[in-house]
Amino acid sequence: MSDAAIITTNNVNLWYNEKQALQSVSIKIPKNRVTSLIGPSGCGKSTLLRCFNRLNDLIDHVKITGEITLDDENIHAPSTDVVTLRKKVGMVFQKPNPFPKTIYENVAYGPRVHGVRDKAELDKIVEQSLRHAAIWDEVKERLNDSALGLSGGQQQRLCIARTLAVEPEVILMDEPCSSLDPIATAKIENLIERLKEDYTVIIVTHNMQQAARVSDYTGFMYLGKLIECGKTGQIFEHPKEELTENYITGRFG
Amino acid sequence: MIFTKKTDSAVTASKRTARLSFLKEQSVKTIFFFTALFAVIVVSFILLFLLRDSYPIFAQVGLPNFLLGPDWAPTAMVPLYGIFPLIVGTLLVTIGAMVFAVPLSIGCAIYLSELASPRTKKILKPAVELLAGIPSVVYGFFGLIVLTNFIRVSFDIPTGETWLAASLLLGVMALPTIISVSEDAISSVPHEYKEGSLAIGATRWQTISRVLVPAALSGIAAAVILGIGRVVGETMAVLMVAGNAAIIPDPIWNILSPLRTLTATLGIEMGEVSVGSEHYSALFGIAVVLLVITLIINLSAVAILRHLNEARAKGPARKPLVSSATKESLSRFAEVIGIALFLIFLLAAAPWWLVALALLIIGAWYFGRDRLSQKHIQTIAFGLVGLATVIVLAILVIILQDIVINGLPAISWEFLTQPPKDLGRAGGIFPAIVGTLYLVMGAIAIALPLGVGAAVYLVEYTREGRITRIIRTGVDLLNGTPSIVFGLFGFAFIVLYLNVGVSLLAGQITLALMVLPTVIRTTEESLKNIPQSLREGSLALGATQWQTISRVVIPPAVPGILTGAILSIGRAAGETAPIMFTAVIFSSRFLPDSVFQPVMALPYHLFILATNVPGSSTNKYGTALVLLLLVIGFYSVAIFLRTHFQNKIRG
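For the record, the sequence lines run as chains P and G.
Heads up: the first sequence is residues 1 to 253, going by my numbering.
Heads up: the second sequence is residues 1001 to 1651, going by my numbering.
These aren't lab readings, by the way, just hints derived from the structure by calculation.
Every value quoted in this text rests on a predicted model; they were computed, and no experiment measured them.
Relax, there's no trap hidden among the hints.
Capping the alpha-carbon separation at 30 Å, the derived lysine-lysine pairs in DSSO-like fashion look like this:
1) Lys1528/G x Lys19/P
2) Lys196/P x Lys225/P
3) Lys63/P x Lys1528/G
4) Lys1029/G x Lys101/P
5) Lys63/P x Lys1024/G
6) Lys119/P x Lys1024/G
7) Lys196/P x Lys119/P
8) Lys19/P x Lys240/P
9) Lys1024/G x Lys101/P
10) Lys95/P x Lys225/P
11) Lys1194/G x Lys1375/G
12) Lys140/P x Lys196/P
13) Lys101/P x Lys1528/G
14) Lys187/P x Lys140/P
15) Lys1125/G x Lys1528/G
16) Lys124/P x Lys187/P
17) Lys1029/G x Lys63/P
18) Lys240/P x Lys196/P
19) Lys88/P x Lys101/P
20) Lys88/P x Lys1528/G
21) Lys1375/G x Lys1125/G
22) Lys31/P x Lys95/P
23) Lys88/P x Lys63/P
24) Lys231/P x Lys88/P
25) Lys1121/G x Lys1528/G
26) Lys196/P x Lys231/P
27) Lys240/P x Lys28/P
28) Lys88/P x Lys225/P
29) Lys225/P x Lys28/P
30) Lys95/P x Lys124/P
31) Lys1029/G x Lys88/P
32) Lys1121/G x Lys1375/G
33) Lys1122/G x Lys1375/G
34) Lys231/P x Lys31/P
35) Lys95/P x Lys1528/G
36) Lys88/P x Lys1024/G
Assemble the whole structure, with the sequences as input and the hints as a guide.
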């Protein structure tokens, strides 16, 4: 890959109890690009994604070996504060998970926990984030309504706004459209397109067309291994590995 | 959005705040750890103090003589400290209560889970919970006035205070526990089992009796064990109706004989004993024995239920707790024992026509069951199940209407706002109402922070491991401890050792310890109901763990926590045994000036009126009604909150 890397993994192995979920995965994620991870269910793509903000820490009996660096700093180093790491690496989940609070409070939550108290500044951040996530016009009249009243697609964009409000460097997206209808999906995909100007986006998807549409780079994973990784066009048109070609052409998966 | 380039000083500053917030996180976690540890500390203190104060008697008469000695005569010229008759008494009352309660509860549970329409269920379940909400002293009062009288007249004996009365009353008190846990067990049998059975042409009753109930058997067993635990640990009700003669019934199946249980002995004698005497130590010895018995009972129930939950989590291919062969022989054995016990009961006491009827039914069943069509069997079975439910409801209605009808005339402005006169025969119960409110408010003020803290630690801060197991066992032990044992502990530790004296504060602390497990459990439940995705969402934004817990997890859990708190208040308000030796006086014209003074309390007032003050029937009933309304009021608020909250989460 020619672009400068923001995240690099080197020989990462991960076990849930005795079961190995990742096998010596080495990948470079280029800065300010969209990278997608594809592969059949259970291939470890979501697990890899959750390594980048150390969300796997929450799960019992997980063991990780190997090295993951963000901006050349080892994210597992004792000097790394996991809270600071997660502030730099935001995440959008498979199912929209707005907090049971108002729309405003959902977006303001991140800045608040990071110490922003000034009301005017919060207002500004909330509006900017909602605009950036292309949902401002739909919710500006009802910022104080519960976020749970929004549609699934709106909730997901709200969750993206919530992530943007913390000004991360990287945004992880774990099948962000899997529970959405085609129209909402199109909106999110457009959004991802614009996000890469300011952010690095890593998206896990089981939808190959989506990967082809939105990403600059694509990694194909199978049974916990990274089989192949490269420019999206190359992966989809001239895959080097037979496994990749079989998957892309729909022979399994 | 534009990234601002951070200067070097900004980076150092952010590092410093990171360090600070790390320290804060650690200290918050430590605080929660200690609140969680508190339950374990309390349990060890209870054990320690009971053992300390009972040691002299064990040293003097020896454990075998204490447990198996045939005579309990602590105030005789030559005092005898043998608790064998008390152990037998406890055992007999429990057996009697179970013979009465188990068939009724299982019938009612089957009705609730399989036959009742959703609307009927909506009415019946709160009714059963109401039965659980009636304070034990109110049960005792009802038993003393109505039930013993009924038994005296029906069997034409000099007094109705008998084993039979105690067993019937305690059976009623065990009903709600057994019903709700068995109902849970039957309802959570996988739906596929039921469909599978119905699909091969089995009748509904065949499906219930051969698939659902056997599949739920471990849960039902746990329910019965919990019911037994409730009966063994009960003090006030049994003390008021059992007659309390420390004898073994002669012959052993004479259900019309009076008897005395371990708990009743503590309730009666603890107030009159001189501190530090042999007798005092013997009472603590009884408390140790009682504690050991109830702990074994409750821990085995907890173990069964936990085994069930884990099995359920692992999926349908689970190993049965007992093999089918053992199950078969067990049920055969239980059948024989059940019939034998039933016959003994009948022979001992029942009028001849009841014996004849019972023999007729058993005979008809054995000879006729192969000739009846499945449809008829189903009709009979559903009839019996319905009958069980009707009986349970009838019991509730009889108790409530007796107390409401007789209590209403006593209720007046004066009754509610004046202090008592003439030993409570006249005047009001104002100081008792206020005293009870003081007691429960203080108790919850102590128990809520500790309980919520412990639950937060258990759910949010730890992974399942040795430490959580120890803490959970501590909570289970505390939950299974009989209320009278809390009373003794409160007296030995808070009143005497800490030198707080018989006071409001001592009562508040004792009640707080008693309700702590309830607060912990309900809080744990409501925290576990908060979806994990919310926690991940918050952490992924870079919130610290404490920020996530305090801002995202706890707020939506508040209604659930509140429900638990109010349930605990209701329970504490109705309890007599824990405050009897720690906080209350019978009569006081004034309200306490400080927490170091004793107070009046409704349950204790009712207890003394019912047992020690002849006459004053109206005021007794009035007190019972006020106490009942107070406790049921708290329970209704809690039940309402819970349903409201559940609907909100679903909708």
